[in-house]
Amino acid sequence: MSETYIDRFPAEAKVVRSAFYGSFLALAIGGLMGIIQTLHRTGYYRFIDSADYYTVLTAHGVFLVISFTIFFLVGIFTWAITTSLDREVEDIRFTWGWYALMAIGITLTGIAILAGFTDATDISSSVLFTFYAPLQAHPMFYLGLVLFVVGTWLAGADWFRSWWAWKQENPGERIPLPTFMVLTTMIMWYIATLGVATAILLFLLPWSLGLIDSVNPTLTRTLFWFFGHPVVYFWLMPAYMMWYIMLPKVSGGKLFSDPLARVVFILFLVLSVPTGIHHQYLDPGIAEGFKFIAMTNTMFLLLPSFLTAFTVVASMEHGARQRGGTGYFGWLKALPWRDPVFSGMALAGLMFAAAGFSGMINAGMNINYLVHNTFWVVGHFHLTVGTGVALTFMAVTYWFLPQVTGKALWSRSVGLAQVVTWFVGMTFMSNAMHRAGLLGIPRRTAEPLYEGFEYSAVVGSVGELQAQIALGGLLLSLSLLLFFANVIGTVLNGKSDSLPANEYAGTLSGPEDSPRVLDNLKLWTGIAIVLVIFAYTFPLLSIIERGGLFGPDVIEYVPISVDSLPLLVGAIELVFANTLAAIGDGGTALLEGVTR
Amino acid sequence: MNIHTYEKAWLAASLLLIVGFIVTITYGSVGLGIAMIDDSEDTIEPDELDEDERFAEPRVEQVGENEYEAYVVARTFFYNPDTVEVPANSEVTFYVTSGDVIHSYSVVGTNLNTMVIPGEVSTMTAEFDEPGEYGVICNEYCGGGHHDMEGQLHVVPEDEFDMTELSVEAPDEVELGDDATFEVTVENGQLDDLETTIDLEVGNETIEEAVTVAGQESETTTIDVDTADLGEGDHDWTVTVDDYDESGTLTVAEELEAGDDDE
Numbered sequence: 050m051s052e053t054y055i056d057r058f059p060a061e062a063k064v065v066r067s068a069f070y071g072s073f074l075a076l077a078i079g080g081l082m083g084i085i086q087t088l089h090r091t092g093y094y095r096f097i098d099s100a101d102y103y104t105v106l107t108a109h110g111v112f113l114v115i116s117f118t119i120f121f122l123v124g125i126f127t128w129a130i131t132t133s134l135d136r137e138v139e140d141i142r143f144t145w146g147w148y149a150l151m152a153i154g155i156t157l158t159g160i161a162i163l164a165g166f167t168d169a170t171d172i173s174s175s176v177l178f179t180f181y182a183p184l185q186a187h188p189m190f191y192l193g194l195v196l197f198v199v200g201t202w203l204a205g206a207d208w209f210r211s212w213w214a215w216k217q218e219n220p221g222e223r224i225p226l227p228t229f230m231v232l233t234t235m236i237m238w239y240i241a242t243l244g245v246a247t248a249i250l251l252f253l254l255p256w257s258l259g260l261i262d263s264v265n266p267t268l269t270r271t272l273f274w275f276f277g278h279p280v281v282y283f284w285l286m287p288a289y290m291m292w293y294i295m296l297p298k299v300s301g302g303k304l305f306s307d308p309l310a311r312v313v314f315i316l317f318l319v320l321s322v323p324t325g326i327h328h329q330y331l332d333p334g335i336a337e338g339f340k341f342i343a344m345t346n347t348m349f350l351l352l353p354s355f356l357t358a359f360t361v362v363a364s365m366e367h368g369a370r371q372r373g374g375t376g377y378f379g380w381l382k383a384l385p386w387r388d389p390v391f392s393g394m395a396l397a398g399l400m401f402a403a404a405g406f407s408g409m410i411n412a413g414m415n416i417n418y419l420v421h422n423t424f425w426v427v428g429h430f431h432l433t434v435g436t437g438v439a440l441t442f443m444a445v446t447y448w449f450l451p452q453v454t455g456k457a458l459w460s461r462s463v464g465l466a467q468v469v470t471w472f473v474g475m476t477f478m479s480n481a482m483h484r485a486g487l488l489g490i491p492r493r494t495a496e497p498l499y500e501g502f503e504y505s506a507v508v509g510s511v512g513e514l515q516a517q518i519a520l521g522g523l524l525l526s527l528s529l530l531l532f533f534a535n536v537i538g539t540v541l542n543g544k545s546d547s548l549p550a551n552e553y554a555g556t557l558s559g560p561e562d563s564p565r566v567l568d569n570l571k572l573w574t575g576i577a578i579v580l581v582i583f584a585y586t587f588p589l590l591s592i593i594e595r596g597g598l599f600g601p602d603v604i605e606y607v608p609i610s611v612d613s614l615p616l617l618v619g620a621i622e623l624v625f626a627n628t629l630a631a632i633g634d635g636g637t638a639l640l641e642g643v644t645r
Numbered sequence: 215m216n217i218h219t220y221e222k223a224w225l226a227a228s229l230l231l232i233v234g235f236i237v238t239i240t241y242g243s244v245g246l247g248i249a250m251i252d253d254s255e256d257t258i259e260p261d262e263l264d265e266d267e268r269f270a271e272p273r274v275e276q277v278g279e280n281e282y283e284a285y286v287v288a289r290t291f292f293y294n295p296d297t298v299e300v301p302a303n304s305e306v307t308f309y310v311t312s313g314d315v316i317h318s319y320s321v322v323g324t325n326l327n328t329m330v331i332p333g334e335v336s337t338m339t340a341e342f343d344e345p346g347e348y349g350v351i352c353n354e355y356c357g358g359g360h361h362d363m364e365g366q367l368h369v370v371p372e373d374e375f376d377m378t379e380l381s382v383e384a385p386d387e388v389e390l391g392d393d394a395t396f397e398v399t400v401e402n403g404q405l406d407d408l409e410t411t412i413d414l415e416v417g418n419e420t421i422e423e424a425v426t427v428a429g430q431e432s433e434t435t436t437i438d439v440d441t442a443d444l445g446e447g448d449h450d451w452t453v454t455v456d457d458y459d460e461s462g463t464l465t466v467a468e469e470l471e472a473g474d475d476d477e
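Chains A and S are the protein sequences, given in the same order. In this text, residue positions in the first sequence follow our numbering: the first is 50, and each later residue adds one. In this text, residue positions in the second sequence follow our numbering: the first is 215, and each later residue adds one.
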């Protein structure tokens with residue numbers, strides 16, 4: 050009998066399972082909000098007040114991109130650490146501790162949002178996922194987010210603790226690839242969340258409690274995007290992990306290159322944060338030069354995705370040829386398209402590639418004028434997080450759920466129908482959203498049609514676009530129903546003895562081919578911090594100088610100003626010099642690795 | 215490090231593409247002059263816009279032969295002014311600020327698009343070659359009435375564009391035999407002198423008066439009408455200057471009743 054995850058790690062399987070269930074609950078609520086707003090916005094069916102649309106939208110955003118994605122990823126990260134280090138967590142009570150903290154946090158935030166539907170309380174938080182001040186949410190909204198994020202910090206600590214304990218017992222061993230991916234992602238997350246933690250703890254929470262009178266809207270907005278861009282990589286890197294370590298396996302082969310997988314995750318660690326200002330290309334009060342720096346960093350962030358495209362396709366081809374595939378493109382036919390785990394991930398990857406193209410447009414700071422805050426952007430991120438990430442997560446659920454429950458998947462055919470329906474639904478919805486954005490139709494609005502003017506469509510019509518969006522939304526909802534049917538059917542299934550073993554893909558070119566410097570996490574963390582300091586110190590100082598730390602009324606209390614700049618520059622230079630020294634060491638090691 | 219030859223080629227091509235993107239964007243900024251919204255304007259106190267000389271009365275101003283400046287204030291859920299009117303063949307610089315939360319000022323179907331943040335003034339310059347009418351929308355969520363926030367941008371043919379304003383002060387009642395005094399103020403917002411005619415029609419009388427208003431000045435012309443010519447009764451009047459007019463009713467009475475009773 051093969052060994053499944055739940056056989057080897059029964060206690061951890063329970064945590065992973067709980068994380069999945071939390072994630073699916075959020076997916077259900079968020080998905081329900083999605084179809085309500087699709088039908089309202091397109092005008093096909095309206096049963097809420099347009100003012101309540103924004104409460105629906107806030108819930109849709111927060112439940113899907115915060116709780117669905119992050120609960121799912123802490124589940125697969127726990128799986129990845131325990132499986133690849135082949136050791137139980139150090140203390141299961143600690144593991145349940147961070148799970149509980151995350152659950153309490155998101156519950157508080159969720160209540161603060163959903164209470165906006167009733168007049169029974171004066172609690173309301175219709176501030177959308179971005180909560181830009183001076184829009185103000187109920188304090189519980191901010192407090193819940195803080196607890197949730199602290200929960201993820203502790204989860205990271207749990208995984209680092211496992212790695213450190215493993216390292217003591219396995220001196221000189223290379224970090225197993227899945228663990229390496231978890232650790233780099235978490236370091237990126239620690240750096241990124243400093244922005245949102247500062248925004249909430251120093252400004253928004255005290256302000257919502259009435260402890261301070263005002264905030265500097267540009268400052269809290271900039272701190273949000275300090276977190277708001279890298280958070281998309283926090284969703285994406287687990288999906289990438291699945292493409293690297295699961296997709297080759299289900300294709301029937303091996304991962305093409307372990308070293309380049311490590312390089313890709315390092316690039317994400319280093320470049321994810323110093324790009325947030327690209328969400329603020331059209332903000333007044335931020336100099337053009339700062340925007341230019343964010344733009345170049347963003348463009349280089351394309352590199353790890355390009356590398357991934359190559360490696361993933363090459364791994365798939367390798368798998369197909371192992372299965373007897375031949376020819377230039379003929380090998381595609383040999384892939385296991387009837388397996389929802391494979392086809393879901395492959396279709397998600399394909400859509401993510403399309404998202405890359407609209408992302409390049411968004412990143413171009415002058416062409417951004419045309420698409421900023423239009424429906425185009427919504428089309429873009431429904432391809433990235435809404436398909437690249439969400440469809441990958443749903444597809445791998447068909448593999449993971451049996452592993453953590455010990456029960457066979459209820460139906461492969463329903464699973465296949467689910468992933469294909471999602472793909473088709475999103476094709477309609479996202480394509481129409483992109484086109485609508487080019488006409489100037491805005492995002493984030495209950496009623497996109499105005500009294501004073503009409504949009505002029507060169508091809509098709511606004512009505513046709515609305516119809517496609519509504520159709521897409523309905524197909525996506527259908528896909529969700531199929532998904533939940535499969536999850537519930539699986540959970541209600543009896544125990545199975547014929548499940549596959551808990552394994553991930555081997556590699557064609559293994560860690561022995563990659564220089565040891567790639568595993569030097571301190572070095573990459575140092576470089577990431579230096580880049581963040583370079584990209585953000587001057588913009589933040591300038592924003593505080595202009596608008597005051599707590600808004601214009603209290604500008605005289607600004608503790609740092611341009612006068613104290615030399616001191617700060619000194620500090621930066623010190624950090625930089627230390628890091629350069631570290632890079633020097635690393636560089637030597639890298640050269641040795643290459644020449645060897 | 216062991217990298218497959220194809221992968222090296224792919225890596226090189228990817229880097230080339232990335233550098234290519236950065237070059238085209240730089241060309242757009244430097245070569246085509248598509249400047250980003252930036253920090254060139256000083257900050258402003260959002261609670262005191264009423265005392266600001268630019269935003270107390272948001273408006274369009276002519277600053278050069280074909281150059282205009284438009285000042286706009288965004289608030290939940292409207293723009294002031296809600297319609298900005300400029301002539302074709304002009305270069306217009308927009309200055310937009312917010313009196314409350316974050317908004318945007320986005321001209322639909324164009325790349326005129328900026329965030330509007332309280333405390334900051336967004337500025338962008340655009341050239342309008344052709345006449346046209348555009349919708350202006352707020353594309354940043356600003357509260358429950360966000361979807362009602364809209365404005366207009368009208369680019370009118372050059373020869374139909376003016377910045378003339380007319381106001382008339384006239385009495386309601388005059389005693390028969392006294393003069394009725396019409397004070398007609400013509401304001402010229404443009405830089406060039408405005409040469410035009412004031413037409414006053416009252417009862418059956420028509421009075422014409424030529425007037426010249428210097429650039430960015432206003433001129434008040436006093437026209438006296440002898441009520442003896444009008445006769446007793448109610449007389450409708452209309453003052454017309456170019457495309458603008460103002461009208462009212464003048465009552466000529468034998469003896470004024472109101473006001474004298476207390477003496």
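Take these hints with a grain of salt, some might be off.
To be verified - Quick list of in silico lysine to any residue cross-link-like pairs, SDA-like style, CA-CA up to 20 Å:
1. Lys222(S) x Phe355(A)
2. Lys298(A) x His367(A)
3. Lys222(S) x Leu316(A)
4. Lys298(A) x Leu356(A)
5. Lys456(A) x Gly543(A)
6. Lys222(S) x Lys456(A)
7. Lys222(S) x Glu561(A)
8. Lys222(S) x Ser558(A)
9. Lys222(S) x Asp562(A)
10. Lys303(A) x Thr454(S)
Hints are computed from structural coordinates only; laboratory data are not their basis.
Cross-check of the supplied hints:
| no. | hint | in the structure |
| --- | --- | --- |
| 1 | Lys222(S) x Phe355(A) | holds (12 Å) |
| 2 | Lys298(A) x His367(A) | holds (10 Å) |
| 3 | Lys222(S) x Leu316(A) | holds (17 Å) |
| 4 | Lys298(A) x Leu356(A) | holds (19 Å) |
| 5 | Lys456(A) x Gly543(A) | holds (6 Å) |
| 6 | Lys222(S) x Lys456(A) | violated (44 Å) |
| 7 | Lys222(S) x Glu561(A) | holds (19 Å) |
| 8 | Lys222(S) x Ser558(A) | holds (15 Å) |
| 9 | Lys222(S) x Asp562(A) | holds (15 Å) |
| 10 | Lys303(A) x Thr454(S) | violated (86 Å) |
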